[in-house]
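Chemist: Sequence:
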Amino acid sequence: MEKQGLLRLICRALALLSISLVNAENPYRFYTWTVTYGTISPLGVPQQVILINGQFPGPKLEVVTNDNIILNLINKLDEPFLLTWNGIKQRKNSWQDGVLGTNCAIPPNSNYTYSFQTKDQIGSFAYFPSTQFQKAGGGFGALNVYQRPRIPIPYPVQDGDFTLLVGDWYKTSHKSLQESLDAGRSLPLPDGVLINGQTHSTFTGNQGKTYMFRISNVGLSTSLNFRIQGHKMKLVEVEGSHTLQNLYDSLDVHVGQSLSVLVTLDQAPKDYYIVASTRFSRTVLTATAVLHYSNSNSPVSGPLPAGPTIEVDWSVKQARTFRWNLTANAARPNPQGSFHYGKIIPTKTIVLATSAPLINGKQRYAINRVSYVNSDTPLKLADYFNIPGVFSVNSLQSLPSDGPAFIATSVLPTFLHDFVEIVFQNNEHSMQSFHLDGYDFWVVGYGYGQWSQASRNSYNLVDALTRHTAQVYPNSWTAILVSLDNQGMWNLRSAIWERQYLGQQFYLRVWTQTQSLANEYSIPPNALLCGKAMGRHL
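Numbering (mature numbering (1 follows the signal peptide of the UniProt record, and there is no 0)), first residue to last: -24 to -1, 1 to 514.
No wet-lab data here; the hints were simulated from the structure.
Within a straight-line C-alpha distance of at most 30 Å, the following computed BS3-like cross-link-like pairs (lysine-lysine) qualify:
(1) K208 with K185
(2) K147 with K52
(3) K68 with K95
(4) K36 with K208
(5) K293 with K208
(6) K319 with K68
(7) K68 with K508
(8) K36 with K210
(9) K36 with K52
(10) K52 with K151
(11) K508 with K52
(12) K151 with K36
(13) K95 with K36
(14) K210 with K293
(15) K151 with K338
(16) K95 with K210
(17) K147 with K36
(18) K319 with K95
(19) K246 with K210
(20) K338 with K147
(21) K324 with K95
(22) K208 with K246
(23) K36 with K68
(24) K293 with K324
(25) K508 with K338
(26) K185 with K246
(27) K68 with K324
(28) K246 with K36
(29) K508 with K151
The structure presented is a predicted model; accordingly, all values stated were derived computationally and were not measured.
Modelling step: build the complete structure from the supplied sequences, incorporating the hints.
Modeler: This is how it looks when you write it as structure tokens:
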């Protein structure tokens, strides 16, 4: 027995050494961010917002594939705070995901140091607060992951790079909005749309040059259409995937989604409108910016370029044109199309039906009748310390059923290396959007009405796009395939923040009986402990 124990210790030490050696080959980037309140007027009315290092939006994180990020976050708010890294897979490391199911919130006047790697990823992403309703107050920013120098990209290197964080916005403070939701009232329509925290911005480029526009919808509830007056946009990347390079006059970007386009300044030297306007809303809200040619002597002029408003068919048809570039690599040298996802038989089908029930007289949102509530103990800590009674693995079923909605802290158990088909069934009249932490997935189908097994006949099993957030159209379904190759506790949530806050989320527990550092990293030594995990030894 002593020899076996010694052998386990030696194996563990070697595994830790191998991990440190791998990470040592890649650069470390160190940051210190301080979160405070501030007063600004994004829509012309002074309001309290959340600043990071005094900035709104927060600092732009610009890193390279496989960089190690060490970020000390200091919370100077009067409320607990966490940041989540939307689209960063946190390989083997859900400990750093920054959501309440994996992390204790950082108390006021305290800090936490995130340590994670942008492992095998490129593309345009974002970060934002995951706690309470703080996303409505700011605290969001861009996270751009660039390719390693020796990894080619399937387009000429651009002459410049612009990041645009677009999203709907309320004049009301995030605390007041949260109070309304806690009282059981739905939120009204947003008051406006912002581009990089403003209603007017300018982006300057040189005539004849080509620029990448990295666009992320960091809003709370509203799909947006993006366009540039007089210019075509070549789609080249969506949430870490290289795409077929189609040209578009305008693009829908749904809540939580990101994409990158190349724009060549090939028009007469003047200024041109950049427009982001709401989709599928009774009132169309619009934000504008300016594309300024450096040799321009003419201000913007003419009407704003028109875009779609309520047309669902238009958006569905466009979504189906987003295709994987099978011959291009992404963050690694091998072609994206070398993984033939369409030839793998799913081990499990999960159908998730959304609803908007009243529970105890208050508005809630649910998935398969379960409306999620956060525990005071992160689920990941409860799992690690074997603390009973924190979450339920039996409340959420993998198929819809009849009956009243109810509240639970729901976890859906799955196994490492499962290959899962997930169907999002939207039985409501509103647009929806869903995100899965820890993964990207193949969006293989969109359809109207109720999904059935026959719907699989319409799946794209050849060159469907991989992404981390998928839109679900009203009274429609969206189907995805996901390879569960990343052990951990992962949040699957509505990206519509009111719905997420009021219960439209749960956690996937991706687990294997064989515990190994090759599958999942150990709990970090600086992990914050709270709830029933207080006083436990790491």
